[in-house]
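Colleague: Turn these sequences into a full structure, and let the hints guide you.
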Amino acid sequence: MFSLLLVIIYIAFISLGLPDSLLGSAWPAMKDSFNVPLSFAGMVSMIISGGTIAASLMSDRLTRKLGTGLVTSISVAMTAMALLGFSLSRSFVVICLFAVPYGLGAGAIDAALNNYVALHYASRHMSWLHSFWGVGASISPYIMSFSLGTKLGWRGGYATVSVIQIVLTIILFATLQKWKNGKMDFGDSGKTSSKPLTITQAVKIKGVPSVLIAFFGYCALETTTGLWASTYLVEYRGVDVETAAMFASLFYMGITLGRFLNGFVADRFGDRKLIRYGIAVMIVGVVMVGIPLRTEIALVGLIVIGLGCAPIYPSIIHATPSNFGKENSQAIIGIQMASAYSGTTFMPPLFGLVASNLSIGFYPVYLAVFALLILIMTESLNRTVDTTDQWGN
Numbered sequence: 295m296f297s298l299l300l301v302i303i304y305i306a307f308i309s310l311g312l313p314d315s316l317l318g319s320a321w322p323a324m325k326d327s328f329n330v331p332l333s334f335a336g337m338v339s340m341i342i343s344g345g346t347i348a349a350s351l352m353s354d355r356l357t358r359k360l361g362t363g364l365v366t367s368i369s370v371a372m373t374a375m376a377l378l379g380f381s382l383s384r385s386f387v388v389i390c391l392f393a394v395p396y397g398l399g400a401g402a403i404d405a406a407l408n409n410y411v412a413l414h415y416a417s418r419h420m421s422w423l424h425s426f427w428g429v430g431a432s433i434s435p436y437i438m439s440f441s442l443g444t445k446l447g448w449r450g451g452y453a454t455v456s457v458i459q460i461v462l463t464i465i466l467f468a469t470l471q472k473w474k475n476g477k478m479d480f481g482d483s484g485k486t487s488s489k490p491l492t493i494t495q496a497v498k499i500k501g502v503p504s505v506l507i508a509f510f511g512y513c514a515l516e517t518t519t520g521l522w523a524s525t526y527l528v529e530y531r532g533v534d535v536e537t538a539a540m541f542a543s544l545f546y547m548g549i550t551l552g553r554f555l556n557g558f559v560a561d562r563f564g565d566r567k568l569i570r571y572g573i574a575v576m577i578v579g580v581v582m583v584g585i586p587l588r589t590e591i592a593l594v595g596l597i598v599i600g601l602g603c604a605p606i607y608p609s610i611i612h613a614t615p616s617n618f619g620k621e622n623s624q625a626i627i628g629i630q631m632a633s634a635y636s637g638t639t640f641m642p643p644l645f646g647l648v649a650s651n652l653s654i655g656f657y658p659v660y661l662a663v664f665a666l667l668i669l670i671m672t673e674s675l676n677r678t679v680d681t682t683d684q685w686g687n
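Numbering-wise (the numbering used here), the sequence shown opens with residue 295 and increments by one.
Certain hints may be false.
To be verified - Ranges between beta-carbon positions, derived for each pair: (1) 663 / 336: 56 to 62 Å; (2) 326 / 574: 54 to 60 Å; (3) 537 / 681: 46 to 52 Å; (4) 326 / 564: 27 to 33 Å; (5) 337 / 543: 37 to 43 Å.
Said to hold, decoys possible - Within a straight-line C-alpha distance of at most 30 Å, the following computed DSSO-like cross-link-like pairs (lysine-lysine) qualify: (6) 489 / 359; (7) 500 / 359; (8) 359 / 567; (9) 472 / 489; (10) 500 / 325; (11) 445 / 500; (12) 359 / 472; (13) 498 / 445; (14) 489 / 500.
Quick caveat, the hints were computed from the structure, so don't treat them as lab data. C-beta atoms are modelled at their ideal positions from N, C-alpha and C, and glycine is treated no differently.
Modeller: Structure representation (structure tokens):
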């Protein structure tokens, strides 16, 4: 039954990725339906991100009280309801209202599932699972594109993904008994702390500030790279729009493919080496993007950045129980998710201000700052873990 549960978790990760690309794909049509400006997409995105951050911070308490299986089931149900609400909405205000459960559901399932996998499965599964998230995120634009080409329009795209989520919700509730019983899952140890960790208590644990900053920096770099790649290539490097768009998408393909390939070597190399190798490759890619020589080098550099990014996110998460203790991992992973979403939400727009007021040419410099920040913070974490036997390991 353990293998059946793993299959369910893989499907859940695909489901987790499905909604993430819908808003960007559908918004050009949605804004016309509601007669609102293009910029209002940012408002919806911010509401979703706010809900995601809030749910991530609450994940420790929720998972201790309800268990991973029930939190996952309820979260997917909330996401399904929100997507269905999007498809039925007749005003922008209603879209904003449904964006709240959209974000809450995404944040809760993300933190709960990541912690469960970190506790119960080998590093290779964490890499493959995050690769499957990429599959979900890649599929949804095609679903939306197909729907936009029919009379169903963008509403049909949201409804289709909602139906997929509803089916998964039914599967999750039907298989709740397959998850480990109990209010918190700690492998075979069975140990729990008397109370959930508060944010203040978690941050006071040695090494936690370093990993939070590293996570913030990683997600800032990944999202900024993807969002501004095409603009940088077109406006600063003189690449045609079609080629720029293709290589921007290949950046994400590099992440997805890289995570799939990393799964085959993750257990042999271990989380720490994978993070180091990933950062090194990522820095090489950033340098390639910034070298003022042949444009082809910059184009390939985007793919290299994607390959470098691939192992960092899943490896940091998978190492959390061993770095900070199994009983603390859910709280810390929840805070890591909140830090990650903060980087995703605020740092790409900040670069937009840099590009507008200075130059889009600062793109590789901006990425390099975060790459170095990730390197410094992860090595700081390693030193802390090596010199502090916090959990008697």
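Colleague: Hints first: check each against the structure and report whether it holds.
Modeller: These are the hints, each one checked on the structure:
1. At roughly 23 Å, the beta-carbon separation of residue 663 and residue 336 lies outside the given 56 to 62 Å, and the hint is violated.
2. Range check, residue 326 to residue 574: about 46 Å between beta-carbon atoms, so the 54 to 60 Å window is missed.
3. Our hint of 46 to 52 Å for residue 537 and residue 681 holds, since their Cβ atoms are close to 49 Å apart.
4. Between residue 326 and residue 564 the C-beta distance comes to about 51 Å, which lies outside the given range of 27 to 33 Å.
5. Range check, residue 337 to residue 543: Cβ separation about 26 Å, and the 37 to 43 Å hint is violated.
6. Distance check on the hinted pair: residue 489 and residue 359 sit about 11 Å apart at the alpha-carbon level, within 30 Å; holds.
7. For the hint pairing residue 500 with residue 359, the CA-to-CA distance comes to about 26 Å; that is within 30 Å, so the pair holds.
8. Our distance criterion of 30 Å between C-alpha atoms is broken by residue 359 and residue 567, whose separation comes to about 35 Å.
9. Proximity of residue 472 to residue 489 is assessed by CA-CA distance (about 26 Å); at most 30 Å being required, the pair is judged to hold.
10. For the suggested pair residue 500 and residue 325, the alpha carbons sit about 47 Å apart, so the restraint of at most 30 Å is broken.
11. For the hint pairing residue 445 with residue 500, the CA-to-CA distance comes to about 56 Å; that exceeds 30 Å, so the pair is violated.
12. For the suggested pair residue 359 and residue 472, the alpha carbons sit about 18 Å apart, so the restraint of at most 30 Å is met.
13. A C-alpha spacing of about 55 Å is found between residue 498 and residue 445, which places the hinted pair above 30 Å, so the restraint is violated.
14. Between residue 489 and residue 500 the alpha-carbon distance is near 19 Å, which keeps this suggested pair within the 30 Å criterion.
In this structure, the earlier hints numbered 1, 2, 4, 5, 8, 10, 11, 13 are contradicted, and the remaining ones agree with it.
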